[in-house]
Every structure is written in structure tokens, then in C-alpha cells.
Amino acid sequence: SQTIHQWPATLVQPVGSPLSLECTVEGTSNPNLYWYRQAAGRGLQLLFYSVGIGQISSEVPQNLSASRPQDRQFILSSKKLLLSDSGFYLCAWESSSYEQYFGPGTRLTVT
Amino acid sequence: AQTVTQSQPEMSVQEAETVTLSCTYDTSENNYYLFWYKQPPSRQMILVIRQEAYKQQNATENRFSVNFQKAAKSFSLKISDSQLGDTAMYFCAFTGSNSGYALNFGKGTSLLVTP
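Read top to bottom, the protein sequences are chains A and B.
Yeah, the first sequence ends on 510 if you go by my numbering, and it's all consecutive.
Yeah, the second sequence ends on 549 if you go by my numbering, and it's all consecutive.
Source of the hints: derived by calculation from the structure; they are not laboratory data.
The reader is advised that the hints may include incorrect statements.
Using C-beta positions, here's what the derived DEER-type ranges look like [said to hold, decoys possible]:
{"id": "1", "chain 1": "B", "residue 1": "K541", "chain 2": "A", "residue 2": "L482", "range": "29 to 37 angstroms"}
{"id": "2", "chain 1": "A", "residue 1": "S428", "chain 2": "B", "residue 2": "E451", "range": "41 to 49 angstroms"}
{"id": "3", "chain 1": "A", "residue 1": "S456", "chain 2": "B", "residue 2": "T437", "range": "19 to 27 angstroms"}
{"id": "4", "chain 1": "B", "residue 1": "S441", "chain 2": "A", "residue 2": "K479", "range": "35 to 43 angstroms"}
{"id": "5", "chain 1": "A", "residue 1": "N462", "chain 2": "B", "residue 2": "E486", "range": "12 to 20 angstroms"}
{"id": "6", "chain 1": "B", "residue 1": "E451", "chain 2": "A", "residue 2": "S464", "range": "46 to 54 angstroms"}
{"id": "7", "chain 1": "A", "residue 1": "L410", "chain 2": "B", "residue 2": "N464", "range": "39 to 47 angstroms"}
{"id": "8", "chain 1": "A", "residue 1": "R506", "chain 2": "B", "residue 2": "M445", "range": "21 to 29 angstroms"}
{"id": "9", "chain 1": "B", "residue 1": "S441", "chain 2": "A", "residue 2": "R506", "range": "27 to 35 angstroms"}
{"id": "10", "chain 1": "B", "residue 1": "E463", "chain 2": "A", "residue 2": "K479", "range": "33 to 41 angstroms"}
If you want a taste of the chain A side facing chain B, the calculated C-beta under 7 angstroms gives, among others [what the hints assert, rightly or not]:
{"id": "11", "residue": "G442"}
{"id": "12", "residue": "Y448"}
{"id": "13", "residue": "P503"}
Residues of chain B clear of chain A, computed beta-carbon distances all greater than 10 angstroms [unchecked claim]:
{"id": "14", "residue": "T452"}
{"id": "15", "residue": "S476"}
{"id": "16", "residue": "Y488"}
{"id": "17", "residue": "N538"}
The beta carbon of each residue, even a glycine, is placed where N, CA and C say it ideally should be.
Pulled out of the complex, with its shape left as it was, chain A reads as follows (with noise of 0.2 angstroms):
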């Protein structure tokens, strides 16, 4: 079957620090990845995708990148964080039948 697992679970870091977020798949070969971030008390908003390999889509301009190394690897990184990068962030996978499963996410606070 398949997982997604990401880390870190919780994460503190100050202004201006740099951010290396990860997710990785098990079970499943060359999927669509997706990373998300969700504000206090609303909905999810897309900020990358992935189909494969080095091929990454950004949908929100932002300081924040994302980098597909390997198939199953997703990676979130920010040179300098900004206190507006607070939030909770989730990796997904993408099943055949367009169905979207989610890691456990992550807790961003940027003090």
C-alpha cells in the first residue's frame, strides 16, 4: 500500500532562516506531487506541483521553491523566511483515478 510521510512534524525558525521541507512517497512509482499550505482556520491553498522528475509548476509567487530530486521526493526550501510563511503545509500524492492523499503535515512557525 501506499505512504507519504513528511518532516518535520513541527518546525520554529526565525526570520531570514533558511527552510528545507521533505516529503517522500512509498508504494508508488513517478506520481503527481502537490504542496500545499493552510493558514489558521482556512483552506488550503496549492503552491507546487509536481508530474516527475526536475518538473515542477508554481502556482503562487512567493520566496518559497520546490525541487522533485528524486520520483518519490518532494522538497519545499526557502532561502530567507518571512513571518507571512507561517502556516501548516502538506505534501500529496496523486492516485490514477485523480484522487490526492495526504502526509501528515508540517507546523511552520517563523518568529
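On the provided structure of chain A, position chain B as indicated by the hints.
Quick look at chain B alone, frame taken from chain A:
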């Protein structure tokens, strides 16, 4: 652009009763998919139910069922025999080819099930 609207920010229901959560969407596409996701306090997003737009039959998963009205662009979720564990945020979501099959989410409905 596709939009998803959930007009009920909060709802409550008593245990064992039935509740219906509303969702409307706007799209020019003919082939698309609709979903309901549940987000309990743990914040894990859990897929509850899925509906393909080309299917006329409403989807059902145990106590969860949908009322899909394609012409009205309406996609409501009915929860029967509500349980305390159903307490969560519920998000309606849309995906189609024009959005690269990324999910467009509504703002959510907070459901509280009371004893």
C-alpha cells in the same frame, strides 16, 4: 478559474442524527472530479468521498453520501448516524484538466457532533 464555495462556516449535529454540508462550484469544464475531505483536530487531511462528473449516480461510502446536482453545480455531503469522531473541518474540493488536476478547495465547514 474554478471556484468552490462552502456557505456554512460552522454546523452542529447531535450524535446519531443526520447532517448535510453544502458545496457549490463554478467551472466551464465538462469532465471533472469532486471530493470531500475531512480534517480532524490532528490536521491530517482524509479523503471521505469522491464523485466523477460524468457519473449520474451519487457516490456513497458507508455513512457518507453525496447529492450531486451537475446542472446546479452543487455537491452536498450527507452524514448519517453522526458519531463523535465525525467532529472535524470538512472541505469540498474540485479538480479538472484546466487546473492541471490540482485541487481547488472551499474554505471549509466546521462540524461539531454533540452527545
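Now the hints, each set against the structure:
A beta carbon spacing of about 22 angstroms between K541(B) and L482(A) contradicts the range 29 to 37 angstroms that was offered as a hint. Separation of S428(A) from E451(B) is about 44 angstroms and conforms to the stated range, judged on CB atoms against 41 to 49 angstroms. Hint check: S456(A) to T437(B), Cβ distance near 20 angstroms, so the stated range 19 to 27 angstroms holds. Distance hint check: the CB atoms of S441(B) and K479(A) are about 39 angstroms apart, consistent with the given range 35 to 43 angstroms.
Checking the proposed 12 to 20 angstroms range against N462(A) and E486(B) shows it is violated: the Cβ atoms sit about 38 angstroms from each other. Distance hint check: the CB atoms of E451(B) and S464(A) are about 47 angstroms apart, consistent with the given range 46 to 54 angstroms. Checked against the hint of 39 to 47 angstroms, the C-beta distance between L410(A) and N464(B) comes to roughly 42 angstroms, which is consistent with it. Taking 21 to 29 angstroms as the suggested C-beta distance range, the pair R506(A) and M445(B) conforms, at roughly 26 angstroms.
Against the hinted window of 27 to 35 angstroms, the Cβ-Cβ separation of S441(B) and R506(A) comes to about 28 angstroms, which satisfies the hint. At about 38 angstroms, the CB distance of E463(B) to K479(A) agrees with the hint of 33 to 41 angstroms. Interface hint status for G442(A): upheld, as the beta-carbon distance to the closest one in chain B is roughly 4 angstroms, under 7 angstroms. A distance limit of 7 angstroms between C-beta atoms decides the matter here; for Y448(A) the minimum to chain B is near 5 angstroms, and the interface restraint holds.
The closest approach between the C-beta of P503(A) and any C-beta of chain B is roughly 6 angstroms, which is under the 7 angstroms cut-off, so the hint is satisfied. Look at T452(B): its CB is around 25 angstroms from the nearest CB on chain A, clear of 10 angstroms, so calling it non-interface holds up. The Cβ of S476(B) sits about 8 angstroms from the closest Cβ of chain A, inside the 10 angstroms cut-off, so the non-interface label is violated. The Cβ of Y488(B) sits about 12 angstroms from the closest Cβ of chain A, beyond the 10 angstroms cut-off, so the non-interface label holds.
Not every CB of chain A is more than 10 angstroms from the CB of N538(B) (nearest about 8 angstroms), against its label as outside the interface.
Going down the numbered hints, you'll see the structure goes against 1, 5, 15, 17, while the others check out.
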